[in-house]
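Trainee: Here the sequence shown is numbered in this note's numbering, starting from -16 and rising by one per residue.
There's no promise every hint is true.
[Unchecked claim] Label-pair restraints from in silico Cβ distances:
#1 D61 <-> N17: 19 to 25 Å
#2 D233 <-> D40: 48 to 54 Å
#3 D233 <-> E95: 47 to 53 Å
#4 K132 <-> F175: 28 to 34 Å
It is worth saying that the hints were derived from the structure and are not from the lab. Beta carbons: idealized from backbone N, C-alpha and C, even for Gly.
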Amino acid sequence: MVGRAGDPGDIEITGGQAFIVTAQRAATVTISGNAWANGSGTAAAPPVTRKGVEVGDTTPVLGLRGSIVDDGTGLNTDGFRVTVKNLSTGRAVAAVTTPDEAGYRSTAVDIETGRAATVGDILEISAQSPNPFIGVEPFRYAVTAEDVKQSLIQLPELVAYEIPAETKLLSNYPNPFNPETWIPYRLAEDAFVTLTIYDLNGQIVRTINVGHQTAAVYENRSKAIYWDGRNELGEQVASGVYFYHLAAGDYFATRKMVILK
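Using the sequences provided together with the hints, build the complete structure.
Mentor: Dropping the structure here:
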């Protein structure tokens, strides 16, 4: 509900456009004020009066709201094209973020069949940035009974992250360490990532199969590769110099680290 101009969800009313109203219960609404002219410039369609559609497990109208936040990088999140696709129906709607709004919003409408969304439908939310060095991790959302009742969903945040210009293996931290360390890296392209740790004799101490990773920066402790200082048998390795080798697609690099006890 918008109580007054400037409230969240407030939009400009443009002459000649159609509007959809949702209501939780029967009511009479009086709209008053002074007339003004801000027509869209196109010929208005003849007035249409349509009987309301009751909402049960399915709604003919679904408002979608959300926002894009950056992953602590200070990236500009304006100009993103956000797409919300209902995987259950195959239909999609899109919106573009602007500096004037804190997020995005769009509306899915299906007056013909009355099925914009049904309880249990799966929505896939994705976004594309005008900046090739910014990516957004898509996610899926299951429509709930409350969403259908409200004909509105406040979607979880989309997170924008930096895509580096080049793939690079960085220095582990802490170094020297005892007994654990983190190994950061950067991926300029999606790749299958494997880290192999060797001793001074060139013998494999531990292989960590990270798996498929999207192009992004993996530097903080929640994203960097973690090594607990143990070998493949789960035994704590001895003090000394070790080498760690990163394989990511066509990229290979090796660096040195030290365990002190």
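Trainee: Evaluate the given range 19 to 25 Å for the C-beta pair formed by D61 and N17.
Mentor: 34 Å, violated
Trainee: Do the Cβ positions of D233 and D40 conform to the proposed distance bound of 48 to 54 Å?
Mentor: Once the Cβ atoms are compared, 50 Å apart, the range 48 to 54 Å for D40 and D233 holds.
Trainee: Do D233 and E95 keep their Cβ atoms within the hinted range of 47 to 53 Å?
Mentor: Cβ of D233 to Cβ of E95: about 50 Å, so the range 47 to 53 Å holds.
Trainee: I want to verify a distance hint. Is the separation of the beta carbons of K132 and F175 within 28 to 34 Å?
Mentor: For K132 and F175 the Cβ distance comes to about 44 Å; the hint is violated.
Figure legend: structure checked against the earlier numbered hints; hints not met, in rising order: 1, 4.
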